[in-house]
Amino acid sequence: MTIQNSLKGLAVTSLMLIAAISDAASLTASPASLSVAVNQSATISISNARGTVRIENSNPGVASASLSANVVTVTGKSVGTSTIKVKDRRTTLSVPVSVISAVPPVNGNNDGRLLASNCFQCHGTNGSGGFESLGGKNDIAAELSEYLSGDEDPDGIMAAHLKGYTQEQLQAISDYLANP
Amino acid sequence: MNRRNFLNTMAVSGFGLLTLSSTFPVHADDSSTGPIQFPVPTNTGISGHIVVLGGGMAGATVAKYLRLWGGTGVQVTLIEKSAAYTSNIMSNTVLTGQRTLANLAYNYNTLVNHYGVNLVNQEVTKINGGSILLADGTIVDNYDRLVIAPGLEFDLLPGMSSLDEYETLIPHAWKAGPQTTLLRSQLVNMTDGTNVVITIPKAPYRCPPGPYERTCVIADWLKSHKPNSKVIVLDANPDILVEKDNFNHAFTVTHAGVVDYRPGCTITNVDSSNRVLSYDQGLSVGNTIEAGVLNPIPPQRAPKLLADAGLLNSPDGRFASVDVLSYESTAKPGIHIIGDATHTTMPKAGHIGNQQGKTCVDAILRLLQGQQPDQAPVTNSACYTPITATTATWLSAVYQYDPLTKKMVIPTQHNSGGAISATSATTENYQDMLTWFDTVMGDTFA
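Sequence order for the protein chains is A and B.
Quick note: the first sequence, position 12, residue 12 per this note's numbering, numbers continuous.
Quick note: the second sequence, position 277, residue 277 per this note's numbering, numbers continuous.
Don't read these hints as lab results, they were simulated from the structure.
Honestly, I wouldn't trust all of these hints.
With a Cα cut of at most 27 Å, we get these calculated BS3-like pairs of lysine-lysine [stated by the list, open to error]:
no., chain 1, residue 1, chain 2, residue 2
1, B, Lys202, B, Lys230
2, B, Lys244, B, Lys126
3, B, Lys230, B, Lys81
4, A, Lys137, A, Lys163
5, A, Lys163, B, Lys244
6, B, Lys332, A, Lys163
7, B, Lys126, B, Lys332
8, B, Lys407, A, Lys163
9, B, Lys81, B, Lys175
Start from the sequences and build out the full structure, keeping to the hints where you can.
Structure, rendered in structure tokens:
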């Protein structure tokens, strides 16, 4: 006999597991709940799935969720809560997600930050202005490629300056500037 | 002498630090297009007290970024005897009347009122390991680390007896201020047909392109104001040190007939009252030259205050050697030295001092938490140079840390390890120069 439990209207901090009739373990998701900062990502690992796994995200404005190979990647978008439902053929699990404010790294060891600060003398603190504001832009890496390839102002100071950095450094700078 | 523990007094009276927990940046009050002021974070978990000596390009950057990156738990005391900083960058355009000195003044209001830096307008008279003595007798000793960004002092040239001669007779104007005003007025009042004589000291000196830049803008000005006068340059270096093609072109083409550039010159005597120089040039010894305006740029070194503290351990004893991962003195631990006073492979320049400051801040914040400094810092120089009243060139350099030599070196993919210059002087570059200047000053003081 199959025992089924409904997941409707349960407290968000609790997980209800469905016991299958067979000896095989049932769907699990770990961790049971998640807290992530805005623009940070975290993962939920899924195991013992029967058949195809699907996910539902109750509040995509708060967090995005994508599934690949039994790993759900959750990325904080704005402060709030969402519930990620993880379903297989028999079971639905609810993983509550809490998205909190982005905080500066406690250790102050953001490598991208010190590297990116090389840009501030010409582009303003945190890339806030100067020749062109960079802070909060997602396409810095693409723009840098145009300078590096010679497509953009090849005789200008920007193309010259970029020669001094490694690709990894420029990527780290681009990543930092997207969210300074 | 009245001694009191400075910081205990301040703790009792309250710092009144401005803490901002808002994540919304606040625009500067004085301009609708002014730089954005970012909030000092309240939750970094980092705490400590850092004292910064010197509020120039390097010191002001350190004070600002210690708060911006360190947060409200990092107390910053900035000790600077001047009420405001006068920018050396762009000060050559005061000589041509394009700017005023007042236009180049940068106050500390934003550092104090927004970032919560504690500013002490006092002169420092002695640096010990763990304490500093101020001119009014106060002892400052309750700090975790000391950052010294003191700039430079100037030597006398042979035949001179007092530094006052630079103040009243033959200004060097290599630290923007009253000497800049004096040199400007000497140029305005000079007799047409007499010459401006500029001397350039042997490297290292503050701002490698600076003397050549000054030669160019004065030559440009002479053409329209003193058409029978020239600029004669006596360079102690064997050749133009930086942007060689651009300056050579400026001297021989753009300002042809107005600039007389003489390399490899050793000054042997200066008569400041009569503005007469004696010098040797290679095998030609005992030359003399009389100037209508004499602008000697003297040899420069870190201040005596640091020498007395045992901090000037460069090979020639004139500058401070530092670990470029943290700018900690290699003579005394716990003391960091940045900017023109240091002995490194990097040029002495405001743009560089700003980046050294940020590197130093990042290292100090890690050290306060028991961590190691970033093992691969990068610094950079991007610098614009006016050639005429309307055209400019630029140069670029990026420095990477070489763990073998422990020095900052320009990587090979950047012009085979050398600086890169603009291909020519343009009006577009001149406009860019104005943007660069406003931005670097904003990043430092606002």
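Of the numbered hints stated previously, which ones are contradicted by the structure, given in increasing order?
Failing hints, ascending: 2, 3, 6.
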